[in-house]
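K.L.:
Below are the chains, spelled out letter by letter.
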Amino acid sequence: AQTVTQSQPEMSVQEAETVTLSCTYDTSENNYYLFWYKQPPSRQMILVIRQEAYKQQNATENRFSVNFQKAAKSFSLKISDSQLGDTAMYFCAFMKAAGNKLTFGGGTRVLVKP
Amino acid sequence: EAGVVQSPRYKIIEKKQPVAFWCNPISGHNTLYWYLQNLGQGPELLIRYENEEAVDDSQLPKDRFSAERLKGVDSTLKIQPAELGDSAVYLCASSFSGTGLNEQFFGPGTRLTVL
Chain S
620 AQTVTQSQPE MSVQEAETVT LSCTYDTSEN NYYLFWYKQP PSRQMILVIR QEAYKQQNAT
680 ENRFSVNFQK AAKSFSLKIS DSQLGDTAMY FCAFMKAAGN KLTFGGGTRV LVKP
Chain G
-2 EAGVVQSPRY KIIEKKQPVA FWCNPISGHN TLYWYLQNLG QGPELLIRYE NEEAVDDSQL
58 PKDRFSAERL KGVDSTLKIQ PAELGDSAVY LCASSFSGTG LNEQFFGPGT RLTVL
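Those protein sequences? They're chains S and G, same order as listed. For the first sequence, counting from 1, position 108 maps to 727 in the working numbering; every step adds exactly one. For the second sequence, counting from 1, position 80 maps to 77 in the working numbering; every step adds exactly one.
Just chain S, with the same shape it has in the complex (with noise of 0.2 Å):
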């Protein structure tokens, strides 16, 4: 079974800084995919970033990056220029390449402060 750990419940960062998320996970695949998801208090979870594990290069999306490292199961997220749209619960999750069902850490909530 997968798991995925989230270790820090709540960040906060001033507007226009970077923050950084941390997840970790274990697994005992070699194909898969990893995400990350933004879940504001509309409750409306929106994805935001993935990444396949088979690509060596990080994924960026805009102001979102993330530092991959398989070897160590490591999957974090950079959220860089911060902007108040960006306060949300922040979850990281995992899926089996041949599979459909994700798996997901206990989220770090983001306050981005004026």
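These aren't lab readings, by the way, just hints derived from the structure by calculation. Fair warning: there could be bad hints in the mix.
As the list claims (entries may be wrong) - Here are the computed lysine-lysine pairs in the DSS-like style, where the Cα-Cα straight-line distance is at most 25 Å:
(1) Lys75(G) x Lys720(S)
(2) Lys8(G) x Lys59(G)
(3) Lys720(S) x Lys692(S)
(4) Lys13(G) x Lys720(S)
(5) Lys75(G) x Lys8(G)
(6) Lys692(S) x Lys674(S)
(7) Lys720(S) x Lys12(G)
(8) Lys689(S) x Lys715(S)
(9) Lys732(S) x Lys697(S)
Just so we're clear, the structure is a prediction, and the values are computed from it rather than from any experiment.
Following the hints, complete the assembly by docking chain G onto the known chain S.
P.N.:
For chain G alone, kept in the frame of chain S given last:
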């Protein structure tokens, strides 16, 4: 394109009462998921449908929870009778399961409060 639709958004009931949640997935998505999200935690899968068939319901408490997906489109999740511990957010998601990544799209959820 419309996203995943769920109703109601909020539901408050007395314990031992029945309750039902409805989900309409994105058009064309053959896979539908129901997740349970307790306060301050990540979602956990309750059941997954491939078209009309429930292919993964190992985490669904079958003594009180039931689900159906008639005609492989809309789905209903029911709890009967509800217990205090069932207070949570129930999320529905859908995806198109073909080759490659089966990206899941989530609805806004139903927040259930059991008194």
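K.L.:
Next, verify each hint and record whether it holds.
P.N.:
Here is what the structure says about each hint:
Pair hint Lys75(G) plus Lys720(S) holds up; C-alpha atoms about 21 Å apart against a cutoff of 25 Å. At roughly 21 Å between alpha-carbon atoms, Lys8(G) and Lys59(G) fall within 25 Å of each other, so this suggested pair holds. Proximity of Lys720(S) to Lys692(S) is assessed by CA-CA distance (about 19 Å); at most 25 Å being required, the pair is judged to hold. This hinted pair does not check out: Lys13(G) and Lys720(S) have alpha carbons roughly 31 Å apart, beyond 25 Å.
At most 25 Å may separate the alpha-carbon atoms for a hinted pair to count; Lys75(G) and Lys8(G) meet this at roughly 13 Å. The straight-line distance between the Cα atoms of Lys692(S) and Lys674(S) is roughly 14 Å, inside the 25 Å bound, and the hint therefore holds. Restraint check for Lys720(S) and Lys12(G): the C-alpha separation of about 31 Å exceeds 25 Å, so the hint is violated. Taking the CA atoms of Lys689(S) and Lys715(S), the gap is near 14 Å; set against the 25 Å cutoff, the hint holds.
Straight-line distance between C-alpha atoms of Lys732(S) and Lys697(S) comes to about 17 Å, which keeps the hinted pair within the 25 Å bound.
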